[in-house]
Structure formats: C-alpha cells, structure tokens
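Peer 1: Take a look at the letters that make up each chain.
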Amino acid sequence: MEPYKGLTAVAVPLDDANIDTGRIFPSRFLRKPRSAGYHNFLFRDARFDEAGSERPEFIMNRAPYRPARIVVAGANFACGSSREPAVYALVDAGFRCVIAPSFGEIFFSNCFRNGLLPVVLPAADVLELRRQLHEQPGAQMTVDLDAQHVSAPDGREYRFEIDPTRKLRLAQGLDDAALALAYLDEIAQFEQRHFSTWPWAAPRGNGAHG
Amino acid sequence: MDRPLTLFEKIWNRHVVTASADGESLLYVDRNLLHEGSFLAFDLLRHAGSRVRRPGGSLAFVDHFAPTRRVEGDRAAAIFDADGRHVIVELEKNAKAHGLEFFGLDDELQGIMHVVGPELGLVLPGLVITGNDSHTCTNGAFGALAFGIGQSEIKQVLETQTVWRSRPKTMRVRIDGGLPARVSSKDVALALIGRLGAGAGTGYVIEYAGSCVAAMSMEARMSLTNMAIEAGARAGLVGPDATTFDYLSRCARAPKGGDWHDALEAWKGLATEDGAGFDREVSLDVNTLAPMVTWGTSLDQADGIDGRIPQPADVDDPDKRAVLERSLAYMGLTPGAALQGIPIDRAFIGSCTNSRIEDLRAAADILRGRRVRVPTLISPGSMSVKRQAEAEALDGIFVSAGAEWGDASCSMCVGSNGDLVASGRRCASSSPRNFEGRQGIGARTHVMSPAMVAAAAVAGAIVDVRML
Ligand code: SF4
Chain F
151 MEPYKGLTAV
161 AVPLDDANID
171 TGRIFPSRFL
181 RKPRSAGYHN
191 FLFRDARFDE
201 AGSERPEFIM
211 NRAPYRPARI
221 VVAGANFACG
231 SSREPAVYAL
241 VDAGFRCVIA
251 PSFGEIFFSN
261 CFRNGLLPVV
271 LPAADVLELR
281 RQLHEQPGAQ
291 MTVDLDAQHV
301 SAPDGREYRF
311 EIDPTRKLRL
321 AQGLDDAALA
331 LAYLDEIAQF
341 EQRHFSTWPW
351 AAPRGNGAHG
Chain D
211 MDRPLTLFEK
221 IWNRHVVTAS
231 ADGESLLYVD
241 RNLLHEGSFL
251 AFDLLRHAGS
261 RVRRPGGSLA
271 FVDHFAPTRR
281 VEGDRAAAIF
291 DADGRHVIVE
301 LEKNAKAHGL
311 EFFGLDDELQ
321 GIMHVVGPEL
331 GLVLPGLVIT
341 GNDSHTCTNG
351 AFGALAFGIG
361 QSEIKQVLET
371 QTVWRSRPKT
381 MRVRIDGGLP
391 ARVSSKDVAL
401 ALIGRLGAGA
411 GTGYVIEYAG
421 SCVAAMSMEA
431 RMSLTNMAIE
441 AGARAGLVGP
451 DATTFDYLSR
461 CARAPKGGDW
471 HDALEAWKGL
481 ATEDGAGFDR
491 EVSLDVNTLA
501 PMVTWGTSLD
511 QADGIDGRIP
521 QPADVDDPDK
531 RAVLERSLAY
541 MGLTPGAALQ
551 GIPIDRAFIG
561 SCTNSRIEDL
571 RAAADILRGR
581 RVRVPTLISP
591 GSMSVKRQAE
601 AEALDGIFVS
611 AGAEWGDASC
621 SMCVGSNGDL
631 VASGRRCASS
641 SPRNFEGRQG
651 IGARTHVMSP
661 AMVAAAAVAG
671 AIVDVRML
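From first to last, the protein sequence lines are chains F and D.
Our numbering applies: residue 151 is where the first sequence begins, and numbers increase by one.
Our numbering applies: residue 211 is where the second sequence begins, and numbers increase by one.
Chain D extracted, bound-state conformation (with noise of 0.2 Å):
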C-alpha cells in the first residue's frame, strides 16, 4: 500500500512542474492575489520587456490605501494623498494593461484580498495560491497552499504561473476542546503563538487539526490560518470538510453544475490521511483558554487577560531581557502591572484577520446598548461584509454605541490609507500585528479579538469581555 499522505503532500506533489535534484521545484500557481504594492513587481516586468503569461491566473485588489471614509460619498476624494492615490492608479492601470480582473475603489466587491478572494469563491481546496502579501496565507483555512511571496517573485509568476520552492517541514498542530464563550479562534491563534514562540513556524506548512478546528466556522479558521504568519510559518492550512464544501457551494464564483460535483470528488480526497507523518506535532486544549492579549511588540508578547506584565528581573539570559525591556519601554508599560485595567486611547475593529460577518456580530454583541468612550473605528474587511452587516442592522449598533461605520480597508492595521495612531497612544486593536510603529510613528498596539476590542472600548481600558 502507498504511505499515507499529508493534505500539503497531495496538494505539493500535484504542482510540481519540474523537481531539481538537489533542492527547490518548480511549483505551478493556480492564482495570484495582488495588491497596490505589486507596482514593483509590474516594474520588473516592464524593464525586462516580459508580459503576464496567464491573465486569469492573477488578480488585483485595492485595499492597503483604499480610505474608510468619503467626501460627499465620494471614495476616490477621500484618498489620504497623491503617492496614496498613485499606487491606486497604477495598479488599475497595470491590471488593465495586463489584462487582470480588478477590483477598485468604486467596486461593490471592493475589500481586503484576503477577505474578497475567499468570500467569492476564487480560492478552492487543493490550489497552489500566491499574493504580494505575508497573509496570503489566511487562504490555507480553504485547504489551498497559500503563501506570500516578495516582488521578484510575483513578477516570476505574472511570466510564468511558477515559483521555485524547496519543499518546507510540516507541523500539524491539533487543536481540542470547546471554546468558552467570548473566546474565539483569534484566541486560539494567540494562544498558540505565545506557547511555541515568533519564529517557531519558520520553515513550516502548519496543518490545523482538531476538534476545536472541526467545529469552527470558515470565518473562525481564516483568523487562525491568517496568523500563521505570525508564527513563523509561510503557510496554514485546514483540511476542507462539510464546513468547506458548504460556504463554498453559496460563493458566488465557485464551481457549478457539473464542475462543482468533479470538484467536490476532488476536494473529499484531498484531507491528510490517518498515519501520514508531520514532521513536528503540537497540540493545545482549550476549554479553559481566556481571551488574550498582547503586551509587546512581537505576537508572542501575549497573555490571558487574567495575566500580568512580565517582570524583565525574572529573565536570566540577558539577550532576552534586553529584548524584553525595549519592548516594554516602547509599549509606556510598568512591569508586574496586571493587563486589565490598561487604559486605552483608541480601538479598532477590521484588517484580514477580523473584518467578517461574523467578527462583527461578535463586536456588536458587546456594543449594543452601549457607548465608546474611547475613538472606535470599524472597517468591514470587504463591501460585501458592509452590506451584509446593514442587512443585518450592525451599523447602527455600532453608529448608536458612538463608533465610526466606514468603508472596506486596511485601515488601521497598518495606515497606509491615513488611519493611523498618533505616537505614545495606545490602540486595542483586531488585526494581526503588535509591531512597533505598525499603526503609526510611536503607536502602541494591543492585539486581541474583536470582542475584547469592544469591551475595551466601551470600558476605555483593557478589560475582561466575559465580565460585561
């Protein structure tokens, strides 16, 4: 009988074009995700006089400076400034020249690429998937190998649909337990990383197994897929089951007919098969996880709100209390203080890891009824989530608790658009990065789910959502 195989092998195995004996393949690239940066990668691709090989294999998306808010309803007004509204137009530009499907401004599928690929359906199980971003990998919660990849490579694939890849080590990481109310897979995510370090992914494809995985909806599995990045890990995948099959047979440009019945065959036979080998495995039980947070200035800086800040007297390797003093010195924050009770500047709800239907509910669980006392700025990962959530009477909960209902973006996450944090504030934050100056020169960042994003919002502090 043939050796068990894992989901990655299957999926890797099925792209190689051409192996080199003596390390990297040539990988086929099913798609191609773009966002305004991959001027760079057109740049290359002009100078070298080459063109994109396959245009439907690629697709553009405005996102990182598209702005959140209008002027007279106007999207395109309200760019934050000219080099902001010059890299919208050249991706426009570039995707039309090359023939690229794009998605701009005034789109009503407008929204974050990581958000608008899955949600219409463009990323199935089983598809080797590229983009000019580090969180091309939230896509793996699909069960497609997903990775983000630098300009010299996307120009790569716009000519030839190829990376080189050495084939990476696998971990899987099973996942058990029930997960308390108010806790989610955001949760989950920061919980892991803070056990097995920043970097301990590296090198890594992470496969997220587990009871907790199974039951989790393809929202919750994009949150955990999206920080596994964070980790260290390139890529992570979920194996696709029901849960998959179902969101994708309501996406508007999955397969149908006859298609979707010879993908579905596909797809049930693509899950890791019992006795593969990883060649590392983890595993996290959490039915007594409390919500994290982030403390510092790197995603393993996290704790349980029940926790405190770390004491840098209590490190013996002085290379690591160094690194934990600095954090702490950017972060304004006195050792041994616990972390509720923090006050917080500013909050925002949105960015890749957090801007679903289903973040949104979460958060307007927390604000109905009640008020921000802090400025609260929410960004639905795409404009298909926006509608969807008016359906559904979000924004005025959200407008009624006194934050702000914007537009599909980046935003805060990063402010390349503008919406940024002024130095020395503190932001408690729903995207994935807790880095220093991310949201802004001098900003203080504390990740955390949406939910624990609201409550602290509404507490103007850190605090416990499960106490509201």
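This is chain F alone, in the form it adopts within the complex (with noise of 0.2 Å):
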C-alpha cells in the first residue's frame, strides 16, 4: 500500500445521516471484479437514473464538486453492509478522506486497508463544515495526516484523534496482512497452546458431509 500523504482537495458534502453502504455501492454490483471500474457504481443509483442519465440534483454530478477527493458527511456514514466495495468505489473514484460525526465500524477499519482516511469530528463541526461547502460550491479542504488536522475552506483548522497504529501503518504504508505475516510462529505456538487445552474448538474434519 502506498504511504498515505496528505491532501488539499475539493471537498463534497453529503447531508444524509445513515448513509449506508449498500447505498455508496448497490448489491447488485456486488458480483463484479474490481478491474470492472468500481468507480462507476459508486452511489450508483443517487447519481443516475434507471435510464442511466445522470440525476442532476445528485451534488456529486454538480460541476464544482466533480474534482472533489474528500467526502463531508452525516452521522453513521457507510453504516450497514460490511461490503469492503464501499471503500473501493470511493478510492476509485479518487477519494482519500471521508469526514464524519460517526461511521460504521467494518467500514471504518476497511478504509485502513485502502489507504482511505475516515476522520471523525464532533457533529456540530462537521455541520459547519457542510454549510461552508454548501455556501462555496467547490471549495477545497486540507487534511494533514501527520498533523491530525483537517481544515476548512474558512482556513479554521479541527483537530482529529487516531489510533497510533492505525496512523503508524496508514503514513507508512504498511499492510495489516504483511505485518501479521511475521507472527507465524508466534500464531503456531499459540494454536498448540490453544488446541492442547481445547480440543473441541479445532475445526473438524472437512469435506466431511455429502
């Protein structure tokens, strides 16, 4: 995974509460590979119509907001589902930062791994930040990382909190799966030590029926 650098980008807002992720990427996309171009389903249905004409009203599709690259959302973003297409549509479409008061959990820990950064803020902020980019359609945000700041097109900075590690691996680009790899040993002590105690909880047999 690449190191995740910071940003200054044109930033969306996306009023709902409860966003969730079947929303931001339809199941029935669900049965498609990646080198489909996630990019395309992303918030599919808000953003075209059955005819497939893009929905002018759908901010997304407004001239200003097309560049943008961080999202400025409602409580409870990407809540639901724990489709992982949700956070590759987003990277897909050049998001790398999705601001809200709140998120789903499995979505939240799925951005980690994509180099996606969820920032959570109080919802009072996050409502203001919504109405400044209501007020200036395409206006552009800057979120630092290393900082833990993000700010806003007033030029007012709100900082953020994260896990250490998760910042540690997100600006190093370090893989979750890379770094687990090094415990194999450790894993395998502990399966001995687990299973030596437990019998009954190792798997059994397989393939075993029908």
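Since the hints were derived computationally from the structure, they do not count as laboratory data.
Keep in mind it's a predicted model, so treat the numbers as computed, not measured.
Using N, Cα and C, we set each Cβ at its ideal position, and we do this for glycine too.
Hints are supplied without guarantee of correctness; some may be wrong.
[As the list claims (entries may be wrong)] The calculated lysine-lysine pairs, modelled on DSS-like cross-linking and capped at a C-alpha distance of 30 Å, are: (1) D:LYS306 / F:LYS182; (2) D:LYS220 / D:LYS466; (3) D:LYS220 / F:LYS317; (4) F:LYS317 / F:LYS155; (5) F:LYS182 / D:LYS220; (6) D:LYS466 / D:LYS478; (7) D:LYS220 / D:LYS478; (8) D:LYS379 / F:LYS317; (9) D:LYS466 / D:LYS306; (10) D:LYS478 / D:LYS379.
[What the hints assert, rightly or not] Over the 12 Å line for every Cβ pair with chain F, so calculated as not near, a few chain D residues: (11) PRO390; (12) ARG580; (13) LEU678.
[Said to hold, decoys possible] To list a few chain D residues with every Cβ distance to chain F over 10 Å, as calculated: (14) LYS220; (15) TRP222; (16) LEU389; (17) ALA473; (18) ASP526; (19) GLU602.
Take the two lone chains, each set in its own frame, and fit them into one complex as the hints suggest.
Peer 2: See the structure below:
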C-alpha cells in the first residue's frame, strides 16, 4: 500500500445521516470484479436514473464538486453491510478522506486497509464544514494526517484523533496482512497451546459431508 | 482475588496471539465463514501469491445468489444471471482449490451462512468467528465472539488465521420481563435500536442479558444478536447456558463423547462473573412491548404498531428534520398517519434474522386457514430448516394460504438472486434492513417480525398481529 500523504482537494458535502454501504455501492454490483471499474458503481442509484442518465440534482454530479477527493458526510456514515467495495469505489473514484461525526465500524476499519482516511469530528463541526461547502461549491479543504487536523474552507483547523497504530500504518503504507505474516511462529505456538487445552475448538474434518 | 471478568474479556484474553503496546492485538480466529462475495479476498490472495494456512478454519456457503425457485427441479438452472452464476462457480472453485468445506447449491445442508453454521454446531461458545458479512454477529448467540470483516481482512484470515483488533468497549443490555403473546425477539431488537439509535453500539460489543434473554430459545437469541450490527455494534453476545448446551448437544458437528465433556466444562466457565464491569449498561423492560414496525430507511425509524408516522414539523434540529423528510419522501408516507392500515404490495419471510424453524412456525400460526392478499415469498434459512418445516407440514399451510414456498437463500432480503421488490412497491419483510434500495431500486421496506409479516400478508396492509 502507498504511504498516505496529506492532501488539499475539493470537498463534497453529503447531508444525509445513516448513508449505508448499500447506497454507496449497490448490492447488484457485488458480483463484479474490481477491474470492472468500481468508480462507476459509486452511489450508482443516486448518481444515475434507471435509464443510466445522470441525475443533475445529485451533488456529486454538479460541476464544482466533480473534482472532489474528500467527502463530508452525516452521522453513521457507511453503516450496514461489511462490503469493502464501498471503500474500493470511493478510492477508485479518487477519494482519500471521509469526514463524519461517526462511521459504520466495519467500513471504518476497511478504510485503513485501502489508504482512505476516515476522520471523526464532533457533529456541530461537521455541520459547519458542510455549511461552508454548500455556500462555496468547489471549495477546498486540507487534510494533514501527520498533524492530525483538517482545515475548513475558511481556514479554521479542526484537530482529530486517530489510533496511533493505524496512523503509523497509514503513514508508512504498511500492510496489515504482511504485518501479521511476521508472526507465523507465534501463531503456530498459540495454536498448540489453544488446542491442547481446548481440543474441541479445533476445526473438525473438512469436506466431511455430502 | 482476581477481578471479575465478562464473557467478552474471557474470549478476548484467550485469543490474543500478541498485543502491541499502543493499540491493536493480533487475535486468533477459530472459524471463518464465507459467502460468494469472498471472491475479492481470494483474488487478493492470488495476487499476493499466498495460500490458505488452515483450510479447516474456513467454510464456504452459497447463499446470496442462491435461487429460491427451480427449473424442472434444477436449482442451478434457476440462477438469476450470468454474473450470479459466475460468483457461485468462483466460490466453489476457490473452496476446492484451497481445500475449504463447501456448501453448494445441490448440497442438502445448503443455506444462509448464519443459519447453517449454528445449526450444524460449527459455532461454539468461547470461539472467535469472522465472516465476510456484517451479520456474522448472529453467531454471538452461542457466546462466541463473532464479527463481520472486509475482504482485505478475510485475505489476512485465510493467510494467517488472525485479525488485528483494538479492544472494543463493552455494553450490557439487560432485557427483563416476559414477552407478551405474539411479540418476539425481533420486536425486542427493533425496540432496542429505536431506543438507542442506529449508531449507538459503534465501538462496543453488546452482551444481552436479563430474564427475557435467559428464557429465549437459541433461535430467538440468534434474531437478537443478528441485529447487533443494526445498533452499530460489530458483535453481540449471549452468555452460554443450559439452553445453549442443550441445543448444541443435538447438533451433528458439535463435539461428541469425551470432547463434549471437556467442552462443556470449558463453556460453563465462560459466563460473565458477578461484579464484572461494563463501559455502558442499558436496560429494557419488555412486559408491555408491542409488535414493532419500521417506517423509515434506518432501523431506528421504528415504532410500536399503535404508533404514527412522525411529523417533521415537530423536529427542531434542522439536520435531523431533513433526514426525516428524506426518509418519508423515499417511503412515500404521510406525516402523522397511523402505521396500522398502510397498504403493502408484497411480503417476505426469510433472511438470516428470521428464517429458522421457530420463525416459520410463528408465520404458519397466522397463515393457517387464511389466505394472503399480496404476493408472499417464504424462503427457509437452510435446506435443513426446509426439510424440518415440511416434516411438520408447514409447507402445506403456506401453500394453501397462497404463499410461495421457496428454497434456502438470502433471497428478497437483498435481492442478489433476483427476488426483487419493484420500484415504489411496499414490502412487509422479516429481514434485518430497511435501507434505501435494499430490496431493489426504489423498493420500500417495512421490517417486522415473521408473525407481523404474515398478518400483513393476510390483511394486505400493516396490521396488529395480536388482533387477528
Ligand atoms: S439474509 Fe440478508 S442480511 Fe442475512 S446474510 Fe443474507 S443478505 Fe445479509
């Protein structure tokens, strides 16, 4: 994974609360390989009508917001289904940061494995950011992972908290799975201990039925 | 004396392979459950040139794309489209290539992963269980720490049988009292989310306790833990007790003989100890709980059947008002209208929340001797459940009532298999989610218990199942 660099980019406000991962990436595209171009499926049913024409009323379709790389959303963003394609679609469409008062937890952790930074800020601050973004369509924001703050269009800085392990991995582009692979010996020792006292916990057989 | 521990702490402590000082622990995963969507994880595995470390630690289930219908008795011939066929074939190929046990379309044990795993006894108290599906939390009903993860993490589990986790907070929800007639654990789950809010459980593992939970069957507990994710909690737990042990003693793949006795000893020591601390405690009394119905597009937009659609004008916070207006516009509902009497266009009984034998019995109790007024699809959670329902002659009740009795699938919960609700149509559904577009583009979903869905199907409108 690439190390996470800070960014300055256009931000797009999404006002609704509880936008679930199915709205971000509709279920019917879950059968598509990522090579099909997941950015095409991002907010598909909000962006396009059933005939495939863009819905002009959807904010991401408005010219000033098209270059956006930051989303500023309502509470409980990306709740629901565990589908990582919701993250893939945002990343493939160029997004690198999502700011919201709260997130669906599975989405939140999926973000870190794909170089997408989820930022939690108090609801009142997020509301203020969205207000500015509506007032100045196409306004830019800055995200600084190192200093842990985002800057609003009006220049005000908002500090955010982030788990230090996650920050480090994101900043250095470290891959979680690769980090786990370094512990294969410990895992083997763990299994010996674990299954010697809990033999019943070991997976029993395989392909054993039908 | 040692500090008293919660069930969660005991499972967590047991499964830490290594802990980093400043945050995350590497947690061992005993079982990893996969559905068709896992092809993305296997693609990642292939690109990394990696292999599955412990094939017996993962199991693969065809559920999302499984058809409910057949073509001349043939299930595979009824698959909705070429992409769906492709992901089913991919799952089988990946399972076979890596040596994973596979529950395919023609398997007599086929069904929804969150139904089949538990009913076979593959899910046991004290284990850590992951799955490429958010409703993996269902398995927590057995006192296992079970949670859904994304495809990148599934790849890591396949490679290492571990996940990185920072320790969640704990919330105990005490549910006390006796459930009134025709009120079920689904109603409890909805009432709880309505009370707490759809994001309230974020960052927590919930333990469900109290006299009401203690009196619940395993099936009822699974409907409860299944909805933990709808409260925002990745995992929900119920302490293993005599009900759990009795259920497992009858499961084909649960430990047997000497293993069973060892297991039972270990399981008896898992329960949360008196005086153990939780980060948050909540309580709910269910003695007067009414059947619940969702009216919006988020699970906390729900009310008792006697309720009314809220008035946006009554909401002061402009942000919240806008959210409410948007939901009502999508759902095509009039502020202030009564929930009772809202006409529906179709009904669905099934999904990992409510497709087990007790759910089907509850639906059959309502449908016996009655006729449905709207197209009604009933999809059992597994082919084992289907056989049991047929042995109890429930299928005859459904068919005589005019409902369609299908095969096991996620079916109309999400429509991946083609069982879709048309745009603008209103569906009474026993599934867990009422999100925009969940059952199809523009589809309007009202989540409720299986008995309430059956009653709505009979009336052609949302009604109070207690009045039938
Ligand atoms: S039944 Fe519905 S909620 Fe359950 S696993 Fe299938 S699609 Fe997901």
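Peer 1: Hint by hint, say whether it matches the structure.
Peer 2: Verification of the supplied hints:
1. D:LYS306 / F:LYS182: The given pair, whose Cα atoms are some 21 Å apart, holds under the 30 Å limit.
2. D:LYS220 / D:LYS466: The given pair, whose Cα atoms are some 24 Å apart, holds under the 30 Å limit.
3. D:LYS220 / F:LYS317: holds, 29 Å
4. F:LYS317 / F:LYS155: With Cα atoms ~11 Å apart, LYS317 (chain F) and LYS155 (chain F) stay inside 30 Å; holds.
5. F:LYS182 / D:LYS220: Distance ~40 Å between LYS182 (chain F) and LYS220 (chain D) Cα, so the pair is violated.
6. D:LYS466 / D:LYS478: Status holds; Cα separation ~16 Å.
7. D:LYS220 / D:LYS478: Distance ~12 Å between LYS220 (chain D) and LYS478 (chain D) Cα, so the pair holds.
8. D:LYS379 / F:LYS317: With Cα atoms ~20 Å apart, LYS379 (chain D) and LYS317 (chain F) stay inside 30 Å; holds.
9. D:LYS466 / D:LYS306: holds, 27 Å
10. D:LYS478 / D:LYS379: With Cα atoms ~24 Å apart, LYS478 (chain D) and LYS379 (chain D) stay inside 30 Å; holds.
11. PRO390: holds, 30 Å
12. ARG580: holds, 32 Å
13. LEU678: Since the minimum Cβ distance to chain F is about 32 Å, LEU678 (chain D) lies beyond 12 Å and the statement holds.
14. LYS220: Label holds. Min Cβ-Cβ 12 Å, cutoff 10 Å.
15. TRP222: For TRP222 (chain D), whose nearest Cβ neighbour in chain F is about 14 Å away, the distance exceeds 10 Å, so it holds.
16. LEU389: Answer for LEU389 (chain D): holds, closest chain F Cβ roughly 27 Å.
17. ALA473: violated, 4 Å
18. ASP526: holds, 14 Å
19. GLU602: holds, 23 Å
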